[in-house]
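Let the hints inform the model, and build the full structure from the sequences given.
Chains D and R are the protein sequences, given in the same order.
Each residue of the first sequence is one higher than the one before, starting from 1 at the first, in this note's numbering.
Each residue of the second sequence is one higher than the one before, starting from 1 at the first, in this note's numbering.
Derived from the structure by calculation, the hints contain no laboratory data.
Quick caveat: nothing in here was measured; it's all calculated off a predicted structure.
Incorrect hints may have been included.
Below are the DSSO-like pairs computed for lysine-lysine, each with C-alpha atoms no more than 30 Å apart in a straight line [claimed, not checked]:
1. D:K79 with R:K252
2. R:K308 with D:K83
3. R:K230 with D:K47
4. D:K87 with R:K252
5. R:K32 with R:K353
6. R:K226 with D:K50
7. D:K79 with R:K210
8. R:K232 with D:K47
9. R:K308 with R:K54
10. R:K32 with R:K99
11. R:K210 with D:K47
12. D:K83 with R:K252
13. D:K91 with R:K308
14. R:K210 with D:K65
15. R:K23 with R:K4
16. D:K47 with R:K213
17. R:K32 with R:K12
18. R:K213 with R:K55
19. R:K290 with D:K47
20. D:K65 with D:K18
Which residues of chain D face chain R? A few of them, derived with a C-beta cut under 8 Å, are [as the list claims (entries may be wrong)]:
21. R12
22. Q14
23. A19
24. Q30
25. T32
26. D36
27. A40
28. Y42
29. R46
30. N48
31. K50
32. S74
Where is the CB? At the ideal position from N, CA and C, for every residue including glycine.
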Amino acid sequence: MFLIHCPYCGEREQSEFKAGGEAHIVRPKQPTELSDDQWAEYLFMRKNIKGVQFERWVHTHGCRKWFNMVRDTSNDEIKAIYKMGEKPPTKYK
Amino acid sequence: MKNKYSIISLIKNSFSYHENWQKAWGDPEPKKEYDIVIIGGGGHGLATAYYLAKKHNMKNIAVVEKGWIGGGNTGRNTTIIRSNYLWDASAGLYDHALKIWENLSQELNYNVMFSQRGVMNLAHNLQDVRDLKRRTHANRLNGIDAVYLNTEQVKKFCPIINTSPDIRYPVLGGTLQRRAGTARHDAVAWGYARGADEMGVDIIQNCEVKGIKRSGDGIEGIETTKGFIKTKKIGVVAAGHSSVIANMAGLKLPLESKPLQALVSEPVKPIIDTVVMSNAVHAYVSQSDKGELVIGAGTDDYVSYSQKGSHEIVEGTLNAILELYPIFSRMRMLRQWGGIVDICPDASPIISKTPIKGLYFNCGWGTGGFKATPGSGDLFAHTIANDEPHKLNAAFNLNRFVSGDLVDEHGAAAVAH
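Printed below as a string of structure tokens:
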């Protein structure tokens with residue numbers, strides 16, 4: 001259990017949120033031209049990093065808005081939170 | 001040669017105050033080169049090494065383990081064994097394991113305390129009833145024992161369950177697999193370790209893999225905290241850390257690692273002589289031979305390697321347990337812990353070759369890998385030895401995420417994932 005600072009509502013309990021998996025996976029621009037391998041990569045393959053990972057979260061039991069998070073998955077420490085569409089902080093890249 | 005464990009050896013050793021028992025496995029330094037290296041010294045990894053040596057006459061095998069053998073998910077699960085899965089591929093896989101369990105203590109000369117006390121799955125709503133009935137029929141068509149029970153029969157089989165119709169999620173029925181049950185999880189790792197050691201497998205503990213050295217389309221060896229080990233074949237059985245190892249080889253897997261929690265109560269006299277699982281309210285409970293209630297909770301929905309989960313997951317499970325078993329209302333919980341489980345999008349495992357020659361993965365067991373330990377080891381050993389899957393694990397290949405031929409056991413496998 002940890003606290004998450006929603007960029008719209010402020011600090012709330014993690015149980016109000018839902019994790020949406022790895023961030024910055026871009027939806028294919030030309031889906032009809034994708035090979036099976038490319039579809040598998042887009043749909044299923046994940047970095048699943050132990051360490052600093054970029055993720056999407058949604059404030060399900062709050063403002064219901066999506067946002068991005070940089071989190072260390074080895075100790076659940078949140079490094080940064082930024083809104084959808086904003087550039088990810090470069091120092092964790 | 002290992003001395004056989006028997007009543008005679010027990011009596012003999014009692015005269016020397018049990019101080020002269022032979023070591024069950026050695027503590028070797030890694031050799032320069034092995035034919036096969038298994039990464040991960042849990043039940044699945046040790047079983048793989050055991051069957052590679054025993055059934056495929058492989059020599060020169062090492063198991064490398066970051067911590068102590070059996071110290072990861074092997075020692076953290078709730079020890080439930082069953083094979084009542086919906087799909088044919090899963091039924092084949094898990095019942096193969098169950099058949100090995102039935103004779104495992106004899107085979108290993110090591111008491112794994114396998115107890116076929118039955119596993120009962122409860123239905124709490126109309127959809128549950130339909131799903132469970134469908135699964136019962138599917139199981140029986142696959143030759144797996146399964147019966148459907150109505151509420152009275154559930155009550156008769158496990159009298160402490162609250163079957164009152166006015167609880168929040170009333171018990172409408174359930175399924176029972178009588179051949180299912182539990183085993184002592186540490187003993188499984190130790191038994192396989194002892195058996196593998198006897199056949200010359202090097203079990204190298206406290207040896208963390210730091211990198212995988214590639215050469216062309218194959219493997220050259222592994223970088224570890226105990227130095228470089230040359231090998232052409234690697235079997236990875238690293239559970240929650242599978243993606244970490246895969247990343248070392250430049251491979252991506254369809255896995256997410258999440259914390260799964262369990263807890264045990266203070267020990268009490270025998271009160272529940274079976275395993276009861278409930279999918280809808282996510283609560284399952286059994287009683288260990290020491291008398292503790294063993295309770296399995298759910299996973300958190302975010303990726304984490306921290307081996308601890310959220311408090312509300314435990315709270316939710318205990319709420320459900322109390323509603324179903326009011327008799328436990330004053331029990332105190334003794335210990336709670338988390339393990340990191342690697343979950344596939346279709347909630348089925350991967351026992352497979354990879355695009356990299358000589359690199360094999362056995363992962364994705366998610367929340368239910370313990371039950372499969374012997375079968376998983378046997379089939380993974382076959383896959384490594386022959387460079388081809390056995391027909392029982394052919395469906396569980398990595399390529400199914402490309403072909404779309406998934407084995408979708410989400411919700412169908414009698415417990416929520």
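Flag every earlier hint the structure violates by its number, smallest first. 9, 10, 14, 17, 19, 21, 24, 25 and 28
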